[in-house]
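Trainee: Residues in the sequence shown are numbered consecutively from 2, following my numbering.
Check the hints yourself; a few may be wrong.
In silico BS3-like links for lysine-lysine, alpha-carbon gap of 30 Å or less [unchecked claim]:
no. : residue 1 : residue 2
1   : K179      : K106
2   : K70       : K95
3   : K179      : K92
4   : K92       : K70
5   : K52       : K70
Hint data in this document are derived by calculation from the structure and do not stem from the laboratory.
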Amino acid sequence: YNYCHRWCERCPFTDRCAVFRENRRFETEHPDATPFQHVRASFQQTIELLKAWCTREGIDFAQIEKEAKSDEAVADQRLSDEAILADPLSKLAKAYSVGTWELMKAIDRVPHSSEWDVRVQDAFETIRWYSAFIGAKVDRALHGARESPDDRSDEDPIQNDWNGSAKVARMAIEESRKGWLIVLVAGQAPPDSPLMGLVDLLAQMEGSLSELFPHAMLFVRPGFDEPKIAAGALSTLE
């Protein structure tokens with residue numbers, strides 16, 4: 002689920018997704034909870050699972066937690082976060098997200114927009130959904146790529162988190178590009194339309210991702226990219 006598009010309403014795997022089941026359970030038990038409370042509960046559950054795993058494996062969770070909260074670890078994390086924010090690719094993703102969000106707010110104020118062609122409405126919905134998602138996955142991919150070789154010496158050269166994150170980012174970029182094409186054609190936008198600037202940002206991100214993560218599209222997303230499993234078969238260890 003780290004490599005899905007988090008669009009449960011359009012997902013064929015919800016009946017096999019632990020995240021989907023947990024989200025629905027939480028919503029049922031806490032109907033008035035805010036998104037922030039939901040995220041906090043999810044993090045807490047993750048911590049409890051990690052503690053249980055460490056106990057089973059004979060690992061001192063308290064020591065790991067202490068090291069993670071040390072001044073050195075916090076400083077290293079801050080430097081890493083600042084480096085990601087300063088990365089040209091991250092800046093492109095942020096510019097696209099902000100530009101798209103501002104446009105969507107303007108469209109929401111347009112009278113009778115709900116009466117537009119269904120394909121156009123669907124295209125805008127797709128663009129809106131992925132506007133922030135792309136940036137989140139781009140930053141996650143960049144974080145993984147910045148890890149030192151020693152930290153990732155046991156990582157598979159293809160089946161690793163940064164390739165998986167880069168792949169779903171590129172897939173979301175492609176879906177967004179298709180959405181913009183529908184919007185531009187339906188609106189008979191001229192070649193010099195300001196909207197082309199947002200499409201150009203998508204193209205720049207696509208180029209940067211393909212250069213920085215040349216093997217990303219070879220990453221196999223469990224289930225999603227395995228035809229037999231997508232058809233309903235069970236996953237295998239292989």
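Trainee: If a hint holds in the structure, say so; if it doesn't, say that too.
Mentor: Okay, the hints, checked on the actual structure:
no.: 1; hint: K179 with K106; in the structure: holds, 20 Å
no.: 2; hint: K70 with K95; in the structure: holds, 28 Å
no.: 3; hint: K179 with K92; in the structure: holds, 22 Å
no.: 4; hint: K92 with K70; in the structure: holds, 28 Å
no.: 5; hint: K52 with K70; in the structure: holds, 16 Å
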